[in-house]
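**Student:** One-letter residues, chain by chain:
2 protein chains.
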Amino acid sequence: MPDFKSIGEFGFIDHIATHPTPKHVLCGIGDDCAVIAQSDTQVRLVTTDMMVERVHFLTDTPPEGLGHKLLAVNISDIAAMGGTPTDAVISLAVPANHDAGYLERLYNGLYACADRFNVAIVGGDTTRSHNQLVLNISLTGQMNCNHVCYRSGAQIGDLIYVSGTLGDASGGLSLIQDQIEMDQTDRTHLLRKFHRPEPRLELGQTLAATDAITAMMDVSDGVASDLRHICQRSEVSASLQASAIPLSDAFLNFCQKTKKDAIQLALSGGEDYELLFAIKPDRAKEIESLVQKSSAPKITCIGQITEGKDAIQITHEDNSRSPLTVTGYDHFKSTP
Amino acid sequence: MPDFKSIGEFGFIDHIATHPTPKHVLCGIGDDCAVIAQSDTQVRLVTTDMMVERVHFLTDTPPEGLGHKLLAVNISDIAAMGGTPTDAVISLAVPANHDAGYLERLYNGLYACADRFNVAIVGGDTTRSHNQLVLNISLTGQMNCNHVCYRSGAQIGDLIYVSGTLGDASGGLSLIQDQIEMDQTDRTHLLRKFHRPEPRLELGQTLAATDAITAMMDVSDGVASDLRHICQRSEVSASLQASAIPLSDAFLNFCQKTKKDAIQLALSGGEDYELLFAIKPDRAKEIESLVQKSSAPKITCIGQITEGKDAIQITHEDNSRSPLTVTGYDHFKSTP
Chain P
1 MPDFKSIGEF
11 GFIDHIATHP
21 TPKHVLCGIG
31 DDCAVIAQSD
41 TQVRLVTTDM
51 MVERVHFLTD
61 TPPEGLGHKL
71 LAVNISDIAA
81 MGGTPTDAVI
91 SLAVPANHDA
101 GYLERLYNGL
111 YACADRFNVA
121 IVGGDTTRSH
131 NQLVLNISLT
141 GQMNCNHVCY
151 RSGAQIGDLI
161 YVSGTLGDAS
171 GGLSLIQDQI
181 EMDQTDRTHL
191 LRKFHRPEPR
201 LELGQTLAAT
211 DAITAMMDVS
221 DGVASDLRHI
231 CQRSEVSASL
241 QASAIPLSDA
251 FLNFCQKTKK
261 DAIQLALSGG
271 EDYELLFAIK
281 PDRAKEIESL
291 VQKSSAPKIT
301 CIGQITEGKD
311 AIQITHEDNS
321 RSPLTVTGYD
331 HFKSTP
Chain C
1001 MPDFKSIGEF
1011 GFIDHIATHP
1021 TPKHVLCGIG
1031 DDCAVIAQSD
1041 TQVRLVTTDM
1051 MVERVHFLTD
1061 TPPEGLGHKL
1071 LAVNISDIAA
1081 MGGTPTDAVI
1091 SLAVPANHDA
1101 GYLERLYNGL
1111 YACADRFNVA
1121 IVGGDTTRSH
1131 NQLVLNISLT
1141 GQMNCNHVCY
1151 RSGAQIGDLI
1161 YVSGTLGDAS
1171 GGLSLIQDQI
1181 EMDQTDRTHL
1191 LRKFHRPEPR
1201 LELGQTLAAT
1211 DAITAMMDVS
1221 DGVASDLRHI
1231 CQRSEVSASL
1241 QASAIPLSDA
1251 FLNFCQKTKK
1261 DAIQLALSGG
1271 EDYELLFAIK
1281 PDRAKEIESL
1291 VQKSSAPKIT
1301 CIGQITEGKD
1311 AIQITHEDNS
1321 RSPLTVTGYD
1331 HFKSTP
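Chains as they are written, first to last, in our numbering: chain P, 1 to 336; chain C, 1001 to 1336.
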């Protein structure tokens, strides 16, 4: 049997996902949340995330932001199904000499996010670690069973949309890792998108209620990787327009300064926590106008679902076309 | 602010438990499970546990047993409320060079336990760790809202019972840690109780349905510590009979061989995962007979709830009495 690095995170998940689940589990491993039948009309959603010091966050990461992010990225998973988060349990493994004040500030950030999104923190486990802080959250949500947006329903001809702008979080991460100097406004924008992702909860709920969304997920590993999941689960391909990818001024300034390919970084960088979704083509204008009237962020059409098996083509700004070869982030394959 | 070791696990939990929770959270932090109102008749139970390599298990711990134990100890929490487990999510943080075969065997143990107790593994998160394997489980259960057994209902005069025998798991742990030689039958018994705890699910459900149980929890940190939780939450004291503490022959042989005080170790040793509960005195005989007719393990009366505030007295075998000074396990306070 190989070691973990060589099979990777997704290889292992594919392996364990073969175990059968009972009928009331409407969706197990393989979507943003597990979906469990609760009554004739309601489903329960469950999602979980583990964050490890020096893998997902640095030892000097501001703890309030870390507490916010731990919960926010899981609310983002609930948003990606169209649901409403309800309650969470938190586990901590803490080195014995860890500053308890840091953890109190982490909980302050967690509770501030929980109170804003009406999530009750109902319990947890606190235990000892040797030399890394490890955090885990399991978040439960609920929604009407008829409105659940899976990754698997995209149809040929559907239009592919994304909310907000892409790449900002990876710009923020790069600012920290590579110690790049930038204009204060741009810097604040990029760091905020990295440290304080805003789950698109209202947008997810608005979209799900229209019944015009055929597939949805959140952008956690980068569109290049995440759109591939939609294509695989829906058994289709996709075509993207590079010129349509929504980029912030701050991110464009960052790419100019660092001489990075903006489109490539925007599609491959993780942790944007925007929503990526497919709309039935005849409903697209109506949905755009519905979102515009809400307080949700702008949505942008970036491409279309096409016939085929899990291939993504990109039309570049010079009108040339090529397969999208950039991939997203795999914690095992991407790190030494 | 002090470091984590000096305030300890329970100090930190007390601190974070002060945040208010909404009304549909019937019980948050402070019991075996969180209890959340689900409908007019049903509640949802949630419990979570994190297990860290070289804190909760050794690097060479057999993985099938570890997978079993991760789920079994959480089923034990559901059993302690009287509920039925339904589904779980699992998070893993794995060093990149970790043997994937070990994790496959861990999942085999987990799935074997899940299938036996009708628990669906519905999702999870797999990520990278630096040098420790970290496992987290969040288990959901359900039950009728009228039968939930909290820790907080014990009344003066109630009889205190425990299932099975106490101390076996700490005997098993000591066999591993101190490399003690013992007769094969005794050794197998103690190691099995440590590696493969059996959640008392049927017993918990049978007891909860009688409405004669005023408080219940599972024995995870040792009766000395766990009974104190019942006393604190119920605002009572307790009196124990040393001669009544149920001990296995294997554990008695182990204590004789290692010259350990059997009663002290049985009350302070953790991880027995038996049920500890208080019965209304006029219902005790009926409940004993009900359990005897089931396939659940024997239950034994070990003492009585008394007036007072969170003091536990023990009557020794020579009829002398003293306050119970031994305590249970705190991962932060008990380790260097």
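By construction, these hints were calculated from the structure, which means they are not laboratory data. Where hints are given, some of them may not hold.
Derived CB-CB ranges, DEER-like [as the list claims (entries may be wrong)]:
1) P:D183 x C:H1130: 33 to 41 angstroms
2) C:C1145 x P:D40: 40 to 48 angstroms
3) C:C1145 x P:E104: 47 to 55 angstroms
4) P:K298 x C:E1198: 14 to 22 angstroms
5) P:E198 x C:P1323: 51 to 59 angstroms
6) P:S320 x C:R1116: 55 to 63 angstroms
7) C:T1018 x P:K298: 34 to 42 angstroms
8) C:A1311 x P:T59: 37 to 45 angstroms
9) C:D1040 x P:P323: 50 to 58 angstroms
10) P:E202 x C:H1019: 50 to 58 angstroms
Glycine included, C-beta positions come from ideal geometry on N, C-alpha and C.
**Student:** Look at each hint and say if it fits the structure.
**Tutor:** Results of checking the hints against the structure:
The supplied range of 33 to 41 angstroms is met by P:D183 and C:H1130, whose beta-carbon atoms lie about 35 angstroms from each other. Between C:C1145 and P:D40 the beta carbon distance is about 19 angstroms. The supplied range of 40 to 48 angstroms is therefore violated. Our hint of 47 to 55 angstroms for C:C1145 and P:E104 is violated, since their Cβ atoms are close to 34 angstroms apart. Distance hint check: the CB atoms of P:K298 and C:E1198 are about 56 angstroms apart, inconsistent with the given range 14 to 22 angstroms.
Our hint of 51 to 59 angstroms for P:E198 and C:P1323 holds, since their Cβ atoms are close to 54 angstroms apart. Between P:S320 and C:R1116 the beta carbon distance is about 58 angstroms. The supplied range of 55 to 63 angstroms therefore holds. For the pair C:T1018 and P:K298, the supplied restraint of 34 to 42 angstroms holds, since their beta-carbon distance comes to about 40 angstroms. Checked against the hint of 37 to 45 angstroms, the pair C:A1311 and P:T59 passes, with Cβ atoms roughly 43 angstroms apart.
The hint said 50 to 58 angstroms for the Cβ distance between C:D1040 and P:P323, and at roughly 55 angstroms that hint holds. Between P:E202 and C:H1019 the CB atoms are about 24 angstroms apart, so this pair departs from the stated range of 50 to 58 angstroms.
Hints 2, 3, 4, 10, counting from the list given before, are not met by this structure.
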